[in-house]
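Got chain A sorted already, so can you dock chain B onto it with the hints?
Protein chains: 2
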Amino acid sequence: MPSRPGSESLRPLFWPTSVAVLGASNEPSRIGGRPIRYLKEGGFPGPIWPINVKGGTIQGLPAFKTVDELPGAPECLIVAVPASAVCDAVESAAKRGTRAAVIFSAGFAEADEAGKALQDRLVSISAETGCRIVGPNCLGLFNSRHGYAPTFTASLDHGHPKPGVVGMVSQSGAYGSHLFVLARDRNIGMGCWLTTGNECDVDVSDTIAYFADDPATKVIAAYVEGIKDRDRFLGALERARAAKKPVVMMKVGRSAVGAAAAASHTASLAGTDVVYDAALKQLGVHRAETTEEMLDVVYAATRGIFPETNRLGIVTISGGAGVLMADAAERHGVDVAPMPEAAQARLKAILPFAAVRNPVDTTAQFFNDMSLVTEFTKTILAEGGYGAIASFFTAIPRNRETGGRLKEALAKATVDYRDRLLILCMLASPEMTQEYEAAGYLCFEDPSRAVAAFAALARFGRSFARGAGSPPPALPVGAKPIPAGAALGEAEAKALLASAGVPVVPEGLAGTAEEAVAAAETLGYPVVLKISSADILHKTEIGGVRLNLADASAVRIAFGEILACARKEKPSARIDGCLVAPMVTGGLETILGVVHDDAFVPVVMFWLGGIFAEVLKDVTFRIAPFGLDEARAMVREVKGFPLLDGARGKPKLDQEALAQALAALSVYAYANADRVRSIDVNPFIVREKGAVAVDALIETK
Amino acid sequence: MPSRPGSESLRPLFWPTSVAVLGASNEPSRIGGRPIRYLKEGGFPGPIWPINVKGGTIQGLPAFKTVDELPGAPECLIVAVPASAVCDAVESAAKRGTRAAVIFSAGFAEADEAGKALQDRLVSISAETGCRIVGPNCLGLFNSRHGYAPTFTASLDHGHPKPGVVGMVSQSGAYGSHLFVLARDRNIGMGCWLTTGNECDVDVSDTIAYFADDPATKVIAAYVEGIKDRDRFLGALERARAAKKPVVMMKVGRSAVGAAAAASHTASLAGTDVVYDAALKQLGVHRAETTEEMLDVVYAATRGIFPETNRLGIVTISGGAGVLMADAAERHGVDVAPMPEAAQARLKAILPFAAVRNPVDTTAQFFNDMSLVTEFTKTILAEGGYGAIASFFTAIPRNRETGGRLKEALAKATVDYRDRLLILCMLASPEMTQEYEAAGYLCFEDPSRAVAAFAALARFGRSFARGAGSPPPALPVGAKPIPAGAALGEAEAKALLASAGVPVVPEGLAGTAEEAVAAAETLGYPVVLKISSADILHKTEIGGVRLNLADASAVRIAFGEILACARKEKPSARIDGCLVAPMVTGGLETILGVVHDDAFVPVVMFWLGGIFAEVLKDVTFRIAPFGLDEARAMVREVKGFPLLDGARGKPKLDQEALAQALAALSVYAYANADRVRSIDVNPFIVREKGAVAVDALIETK
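Line by line, the protein sequences give chains A and B. Last residue of the first sequence: 701 (our numbering), numbering continuous. Last residue of the second sequence: 701 (our numbering), numbering continuous.
Looking at chain A on its own, in the form it has when it is part of the complex (with noise of 0.2 Å):
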């Protein structure tokens, strides 16, 4: 495949200097007419183009028959016109020097196979010309700094961007429509928006990538559905991280999929959502829940500023605000610590009654003394160390009087830290939350949401410190390629990830029962003695395995017995031996995995064993490959860590062993991808010193 275009091929859309509408009408509510009333209404600097067969005056412009009547080539082509006229329109406007189309049209891949044919050739053309397309079947886009909004969205009806640092970009038209009337509605600027439609070609990730190099974006919102090329994709995000630019993504689908899992166990939880959250929570992007959540993070990241400690002061004139606000910090991950205690008793002074700790409470007594606003914000400013103050005012500036003196009150306490986040919750009209956003304060009406909000921007400010982490471990010189369409024994299966670096029980294979007693003096006993063929793959259903054997004489009647049953019960199979390997004793049970993944092939998962897997799915899962920082916080995630962390008195165990085994795997995953369908290694033991692969199942394609 070529190699994609960059982001700058992208700009002939978001910046045209000229632009043709294809279906112009000059009915201004029309599919056709909206785009040129709303490239009017901007104010659009650059020539528009309206084309209709009928010719004549569109909303004011005169009109062309074709595109081969313009009187050059427009830079970007908007087309509203059925299906089966796209195509040529397009392609004749690309050949003649077009960089950028919008289609609006539907009838294509979404309808049927004709439609998919269709925008098959549309691939074509764009691939062939270079000319970037978005659509077919979307509701095109907006760049309210050039006054340019070639959409056919009802939503710009009762008001037009107000032009901002978000750039969103939206798979559902519907749904991108609502979340941008939402954002105005809530004040927050938006410079460009896109809906992406059948994604013929510009998709969600060459427009996160694109927004992730333009300087005027800075903070992006993407509403996703699902998505194809999983490199692109995360090369788009990690673009963002890089350049310090917050994600805020709805994911939907976590329910759909859930239920069309697939029947196997691991698919089934492969194929989950739960992918999704791994990938994301790797690259640092803030998965939204709901759209107000989404919005609220969008609103709260405009401000610019990303703190790299979660550690949140709160003030409040009423203490059961303060109690509810330390409750949902608790349960976003916020830490509410304390002021020092000098500033504490520094505090107290001024208003004996006042608590001081963190929540602060300024009490009712701040209604008659607003100064104490000042005194006490400064002081915490100055003294707390916190990543952000929250601070609670009910109603107070609803009253304009009121509200006016308590913006002055804060006013002088924040002169010298307009640096810093606060976040003011409160009760006000739309103006005063204007006037109060305008002095450079976030606001909010519901202080949960406002704490929850802060929890994702320390989110963000440690994800941009710490970026992607430590780059994922080199495969090693000797990595043996996974052999394709090959059904892999247990040894084979073993000595490949041996060769990836994956630690693996020393074993010998024995055709007789004297090799075997061999293997077992140079191994030393106790030993193990299991059945070695490519066709058994359930050892101990068969009586193939034996635990234990002390010494020779075990080891001897041992082998006899393993093979009387393989060929009792599998005639059938051909039979290598026995592996001879030292019995593993004490340590942790844990399973690491790698499985497929629709999304995102291949994912690494870490479960711990026993009831942990099988009762409680105990289990996390990175997209590979990554390094140690990523492995390690891994094996921190799953519910029984405290059992590899010295619970219940037992010693801690080799979690860096175990960490360098995941990132290892995800190496080796990675390099074999086309070719493994799964990878199993259960039980990999985690000891005190060391960790080791006991059994390991390799499925290829």
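Don't read these hints as lab results, they were simulated from the structure. Take the hints with a grain of salt, since some may be wrong.
One copy or two, it doesn't matter: identical chains are merged, so the pair holds either way.
Stated by the list, open to error - Once the Cα atoms are required to be at most 30 Å apart in a straight line, the calculated BS3-like pairs of lysine-lysine come out as:
no. : residue 1 : residue 2
1   : K348      : K116
2   : K568      : K650
3   : K570      : K650
4   : K281      : K639
5   : K617      : K652
6   : K689      : K617
7   : K639      : K650
Showing chain B alone in chain A's frame:
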């Protein structure tokens, strides 16, 4: 203690025929001025008597100099004078016949010891005269149906409450005012509102009980920081449930209580907020985490429809919104069950491109033809079998013309289904929203919050239908009371529990080795021997336990060894001999416990044993006493429940025997609540048939 007066005694508080304000002020924004202003503004129908030492005229009303000068006893006295002047005035009024007093004044138990003494005097006055007292240190109350608002909250400056079916009680004055403002902003009608202050007499429980009995109150909202009398609190909540009135409660202090938890393992678990969770869940209360959630559920409950089914029909004009709402449904335990096949076919016939399973999507076609809303909604109402329909219409009702047409289209669909819950998710002006609400719809902006509110209504519906569930079993006739102050050995503890109906392993006490052998012969081998001494609690640690003794000789040796160990390790212990019990094998180890919690003595805990208790804290709580229904729910609630239910190919265990033991233990603990500190039945082994306590410990006070 004398029995508390019934809720009719609060009537003079909410519906007085005459009111006096002590400490009345001519200044309508002062603490003694606001209540007079609000009473006048509200049109309070009875006489209003200002009392001020200066006499004269106050806000146009003739003032009196003392309580004694009043023409009669005011049915309710409002008090806004310094603390030192409060008691005499209240006593004087109460003796003349005043039935209720509301005390704004601070400086009582919240301040210092002298204040505490004043408050104690108020308690006596109330008890002696029967005058019900609210406060001191409270913000007052209102009854909007009576034009009656004796409060000094500034929140009425922006508008008086709209009468309605909600009754609200708050332990925080400031946050109670905040909640009222939010409710008024949202057009939620509130009949009564009361802040309890220091609760010298009238408390949250009294007020909830009053609302439960008050025919005009249909929805109860409460903001709670802590309760003192568990029986009255639980009784009031049960009364509300019996009256089918939903209670929505914010209980704050989750994190604070957590942080202040006592040091000991058991106490730190029981003393935390999870016990409130358990109590409120038992009583069918909706515990709201955030203010928004509280108001959402209160708002939704005002419709007065509480479906017993949690099946939700979803109709949208955007596929994306449908997926998002289905996700929210899964998160909140709501069942997005598919439409019946026949109904699906009918909808498909109307609109072939529509999604018709559930969520149902009318697609953008709806914009062209609003009769689709009528047809789809009617079909889903008639044939879906849902507890409610939630419909997503984005900003359509923001346009007056389309908003009006949509309302008509819905009216046609719902004309025969006025008693059904219809929830609209839409962006509209407050006026348009109120028009829809007047037509009987619930309106939400955020679809996820709409789904969450429906989930709460359906939980209320199930709680009302279920009621209190099966009653606690009777305490067995032969149940022996737990002796106070005694140290109880294992044998005694088990004997007590056995008398209370908790099955314990049969055992005998042997003073000599030969008695031990005789007991073992009777009980059957293999047996267990354990040291029996009230002075030795941790038997295993001193070598006082021997398991799996297979014959008489083994018993004899073990007996000698155990006594030798005990005498060596604990020379001063009084030793009764050894307990002999059959060795219990197989089954699953669980733990039944009873602990004290400050608010909810006694609390019963159920754990799975081993790592489930020690690593995963897999525990569930209930307030004692309770019946089999709650006990069964406890059993099903722990994460490890699959282990009791046949996981990993093991047999299903006797959950009913386990539930019976839990219910019996709860009844026994409650009957002995004043003498028990804790009970620990560990392990309690659940087997395929039956269950049995193998060890137990009772700590007394």
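Tested hints:
Only between protomers do K348 and K116 lie at most 30 Å apart by alpha-carbon distance; the minimum there is 23 Å, versus 72 Å within a single protomer. Proximity of K568 to K650 under the C-alpha cut-off of 30 Å is restricted to the inter-copy arrangement: shortest distance 28 Å between copies versus 43 Å within a copy. Taking the shortest Cα distances, K570 and K650 sit within 30 Å of each other only across copies (27 Å), while inside one copy they are farther apart (42 Å). For the homomeric pair K281 and K639, the shortest alpha-carbon distances inside one copy (18 Å) and between copies (25 Å) are both at most 30 Å.
Taking the closest pair of Cα atoms, K617 and K652 come within 30 Å of each other both inside a single copy (23 Å) and across two copies (20 Å). Taking identical chains as interchangeable, the C-alpha atoms of K689 and K617 lie at most 30 Å apart whether they share a chain (26 Å) or sit on different chains (28 Å). In this assembly of identical chains, the alpha carbons of K639 and K650 lie at most 30 Å apart whether taken from the same copy (17 Å) or from different copies (23 Å).
Consistency note: the structure conflicts with none of the earlier hints.
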